[in-house]
Each structure stands twice: as C-alpha cells, then as structure tokens.
Amino acid sequence: MALLNILQYPDPLLKQMAEPVEAIDNELEIFIRDLEATMRAGPGGVGIAAPQVGILKRIIIVDVSSKPKIKQHGRLVLINPEITEWEGMAKGREGCMSVPDYTGNVIRAKNIKLSALNEQGEPCEYDMEGFEARAVQHEIDHLDGLLFLDRLVSRHHDLFQRKVYK
Amino acid sequence: MPNTRWYMLSLIGKDRSGIVAHVTSALYEGGCNLGEASMIRLGGNFSMMLMVQFNGNMHALHEVIDNEAESLDLHLHIDHIEGRLHDHLTPDVRITVYGADRAGIVAKVTGVLAEAGLHILDLESDVAGTAEKPIYVMNIEGHAADGIPVLRSALEIVKKEGVDASLDEIDTLIG
Numbered sequence: 001m002a003l004l005n006i007l008q009y010p011d012p013l014l015k016q017m018a019e020p021v022e023a024i025d026n027e028l029e030i031f032i033r034d035l036e037a038t039m040r041a042g043p044g045g046v047g048i049a050a051p052q053v054g055i056l057k058r059i060i061i062v063d064v065s066s067k068p069k070i071k072q073h074g075r076l077v078l079i080n081p082e083i084t085e086w087e088g089m090a091k092g093r094e095g096c097m098s099v100p101d102y103t104g105n106v107i108r109a110k111n112i113k114l115s116a117l118n119e120q121g122e123p124c125e126y127d128m129e130g131f132e133a134r135a136v137q138h139e140i141d142h143l144d145g146l147l148f149l150d151r152l153v154s155r156h157h158d159l160f161q162r163k164v165y166k
Numbered sequence: 167m168p169n170t171r172w173y174m175l176s177l178i179g180k181d182r183s184g185i186v187a188h189v190t191s192a193l194y195e196g197g198c199n200l201g202e203a204s205m206i207r208l209g210g211n212f213s214m215m216l217m218v219q220f221n222g223n224m225h226a227l228h229e230v231i232d233n234e235a236e237s238l239d240l241h242l243h244i245d246h247i248e249g250r251l252h253d254h255l256t257p258d259v260r261i262t263v264y265g266a267d268r269a270g271i272v273a274k275v276t277g278v279l280a281e282a283g284l285h286i287l288d289l290e291s292d293v294a295g296t297a298e299k300p301i302y303v304m305n306i307e308g309h310a311a312d313g314i315p316v317l318r319s320a321l322e323i324v325k326k327e328g329v330d331a332s333l334d335e336i337d338t339l340i341g
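Residue numbers (my numbering), protein chains in the order written: chain A, 1 to 166; chain B, 167 to 341.
The hints are simulated quantities; they were obtained by calculation from the structure and are not laboratory data.
None of the hints are false.
Simulated coverage check for chain B against chain A, where a stretch passes if three residues somewhere in it have a Cβ under 8 Å from a Cβ of chain A:
hint, region
1, 248-258
2, 327-338
So the derived label-pair ranges between C-beta atoms look like this:
hint, chain 1, residue 1, chain 2, residue 2, range
3, A, 101, B, 243, 24 to 30 Å
4, B, 176, A, 153, 26 to 32 Å
5, B, 224, A, 88, 49 to 55 Å
6, A, 89, B, 184, 34 to 40 Å
7, A, 68, B, 179, 46 to 52 Å
8, A, 44, B, 206, 27 to 33 Å
9, A, 20, B, 316, 48 to 54 Å
Don't be surprised by glycine CBs; every beta carbon is placed ideally from N, CA and C.
Isolated chain B, as found in the complex (with noise of 0.2 Å):
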C-alpha cells in the first residue's frame, strides 16, 4: 500500500454490545488497515481509539466511518498523525497507586513522579469501593528515564500525602 497515511480515530458514545465489530467491519470494508489500539469502556461509555490505515485523505475517511458512528451514536474525531508501527518502548517500571479517593490524587503523584524521571507509557485507573466510600486505584507502566531508586524516593513523598503505593521494576525476559 503506497503512500498510505495514518490516522487516529478515537469514538467515544454510550455503551452497547457490538461497537467494536460495527466500527471495525465499516473500517474494513471501506479499505482501511488498523494499527495499535485502545478500547475500554469508562463509566457506561465505550471509548475507542485506534490507528488506521487509510490511502485517501481525511474527507473520504469521514465517508467511511461517518454513517456508522451516527447509528451507533459514537461521537467522533479524527488527526492525521505521524504514526508508525513497531516503535514500542518497553517499560521497566510498574507504579500501583490506591487509597480513599479524592480530587488531586493522580495530578499530585503523576506530578511528582515526572519530576523524579517517570516516563508514563500506559496508565489504567479506576475507582472501586462504594458510593460512600470510594477507593481509588492506578496502574501505571513506564519508563524511569532517572533510574528506579530516585523513583523510589518520589513514591515515598507520594505516600505522605496519604495514599498507598507500590512499585515494581519490571525485568523483562527475553527467550
């Protein structure tokens, strides 16, 4: 496919059974390739966002995904990005943050953290517990561009302030 272009698409609308074989069927039969992709579905919503493929500018990808976002519901946007395949980093680090949850909490360690060298390559949280009392919980995976030890000390500032956290240098093996 020469000349290709990538594109990321991200949909986010209210959740159903069967958005992600909709979306990807009109992707596919209107000729697009998928890269990497992230779906999950975040309070009742589905949210998607996914690099694709496409030999044809912006416009005739709106054509292509446009009448299945609207009967499914799903708002819309697309970017062309200077996308590419077969660049992941490798993460050596994996941070679990939980505690009563409240405002501020990963704006303050993910603050901290980046200070301390915290390259953030994925990051999942979600918030468990009861109405009544909520619970916070974040995974993050990452590079420690300064080393683990001086994350290791930012982690216990972090603790400081109330939450529980861990982290875990992650080894990878190769065989």
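For reference, chain A alone in the conformation it holds in the complex (with noise of 0.2 Å):
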C-alpha cells in the first residue's frame, strides 16, 4: 500500500476531465487500495477522487460513517459514478485535501440517486442525503475538472437564501 501525493490547486490537472474506467483489473485494484488510503491518512477528508492524485479516471472513494447519527451507505467506492436524480438544495461548508486553509459555502441537491461500478465492476444504485449526498457531489465534480471554488456562495445573506430554496 502506498499514500499518493495529494495535488493542490493551481496544478492544471485538477481542472481537467477525467475519463471512464473500461475495465477493472489488478492495476486498478491497486490504485483503488492506495486511493483509500491516501484519503484515510489526510486529516477529516470523507471523500477523494482520482483526479486529486494526479489520474484522470472516474473513481471516487466516500466514507462518511466517522460522522454519527446521519444516514449513510458506509465505505463505498464509486466507479464511473452518475447522478440520476437531484431534489432540494442546501447550503453546507466544504473545504478540499487540494485547496488547504480554506472553506466556503456552497449549494449542494440536499437529496440524490446515483449510479455507479462498484469495486467488483457489478452495477449499482444509491439514494442518497444530506452529508453523504453532498459528499458525493464534491467528488463528482472533480470528475468534471471542478472544485468547490466553482461553486462558492456568499456567507451572508442566509436568510435570504432559505427564502429562496426552502
């Protein structure tokens, strides 16, 4: 097992689309395990994705159960990951292993279905909420060569907000 060198914004290949897996083989298990573990060793990060260590292919690893009492799927790995469905929105505080010392706003869909590979390559489907549903929208961004910066809102004006999306 390996830990993979994290890279932080500005390197360009965080801005870059990442392309579908065609095939799960030992080389992509490997990628997988270090993946992991790459995540698991950054300090509170729930989520990576392949583009954040530098290879651009469409893999996502989530882990939100250090978080108690939310609904949510455990470890899951998420290969060639789409979201179907979106409902709600809300505003939540997001920070990134590739943007340290800082955290921002950001609207996420409060309510997702999403489908994905899993590790063994057979086909899966996931409702999703809360926490682990806007986890999963940031590692699916860095998909699509986005980070949260993209997506900033303002910190004030909170009343306002809940207006307009309640």
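Please assemble the complex out of the two chains, which come individually in their own frames, going by the hints.
Right, dumping it as structure tokens:
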C-alpha cells in the first residue's frame, strides 16, 4: 500500500475532465487501495477523487461513517458514478484536501439518486441524502474538473437564501 | 521578500465606484502585496480593511497610499500588525438573529453568547425593513469553544428578549 501525493490547486490536472474506467483489473484494484489509504491519511477527509492524485479516471471513494447519526452507506468505492436525480437544495460548508486552509459555503442537492459500478464492476444504485449526498457531489465535481471554489456562495444573507431554497 | 512587515490598512469614505481598483493599484505600484481583506458598503460609506505586506516602514507606506486616499476622500489609518497568513480558524456554528430593530440587540445577544463560549469569527449585520418598521438582521459565524448545547441554551435566553434566533452547526466537509 502506498500513500499517493495529493495535488493542490493550481495544479492544472485538477481542472481536467476524467475519463470513464473501461476495465477493472489488478492494477486498478491496487490504485483504489492506495487512493483509499491516501484519503484516510488526510485529516478529516470523507472523500477523495482519482484526479486529486493526478489520475484522470472516473473513480471516487466516499466514507462518511465517521459522522454519527446520519443516513449513510458506509465505505463506498464508486466507479463511473452518475447522478441520475437531484432534489432540494442546501447550503453547507466545504473544504478540500486540494485547497488547503480555505472553507466556503456551497449549495448542493439535498437528495440524489446515484448509479455507479462498485469495485467488482457490478452496477449499483443508491439513494443518498444530506452530508453523504454532499460528499458525493463534491467528489463527482472533481471528475469534471470542478472544485468547490467554482461553486462558492456568499456566507452572508442566509435568511434570503432560505427563503429562496426552502 | 525578506524582512517584509505586515500592516493593517483601514480606509473609509463615501462610496463611489472604482475605490477598490484605485487603492489596490496604488498599493501594487508602491510594492505592496495584499493578504486577507474585507471590504463592504455600510450605510453609503465604503469601508476597507486590508492586510498589506510591505518592505518598508510606516512612513514609506504612507507615501505610497496617502495621495490616492486623499484624492478619493478616504479616511486612512495604518497599523503595524503581528499578522500572518494561513492562520484560519474554522467556524463550527452559524447563528442568525433578527427582530424589530432597537438599541442594545447586539450587546445583549453577543454578551449572552460570549458567556456560553462563542468565539465570533465573522459578524455581518444589516438593518432591513422600512424606516418606520426597521428590522435588524445579524449573521454570526464562530467557534463554539464550550460546545453547541450550551450555545443553544443561551439562544433560548436571547429569544426571551423578543428577537428570533436560530443556530446551525457548520459541519465542514473535507473532500
């Protein structure tokens, strides 16, 4: 197992589109293991996307099980993930291992339906909400070359936003 | 840039367009580097607070900016500060308070919250409504040093004063 180097903005690889995974082979399994170890080595990291370590493939790992009392699916390796449905909007605070020392507010869908392949290459579907749904949306953005910095909203005027989005 | 010092510049004056561009151009041309900054229009005035890194003394920094500040009719104040970048505290709580405007809301609310361990990192307030019926709205982000439950209890005290208040935990996602 190896810890991979996490790229930090302004590394141009973070702004590139990632390519779908064509085949799940031994090499990919080793990469996924290393990617997960890298996520867990970071302080407080609940997700990671392959482009964050410079690999432009559509692979993300999410695990929000460290947060008690929320609906979640535990450890998830998601290959070629696609959000098929969105519902609701919520503002939440995000940071990123690729953008140290900065957090900001981002609006994300509250509930999502997701389809993806698991580590074994089997198609899976998930209904997600809240913090886990936010984590998945943050990581899928990485696959499309987007950072949370691309989606920042003002931390002020909270009342106005609630009126609009509730 | 060895030996560079940090200064805090405060500039306040009647709002007009172009203030930021003029001030920051003068600072840039004078060899300054900007750090964190906060700028906002308050009651028709524009107020700026800027961390400025500059390789010179206070007198030399005044020479860089005084003329521009004067021509824009901005009141200028400079402090030498023990500043550094990459020293952010992450807020873990957001509190919104609003109600019919009257004197003393901020003092009452922040007093109760401070006793309950709130460290304010960012406070933004506004007076909305109409001249006849003004509404005071305050947004606070901070760190709950003694935990969230004690702040929630404190907020109940605040509500008895006739203002509406809500508290949201900020659970920062790191991905």
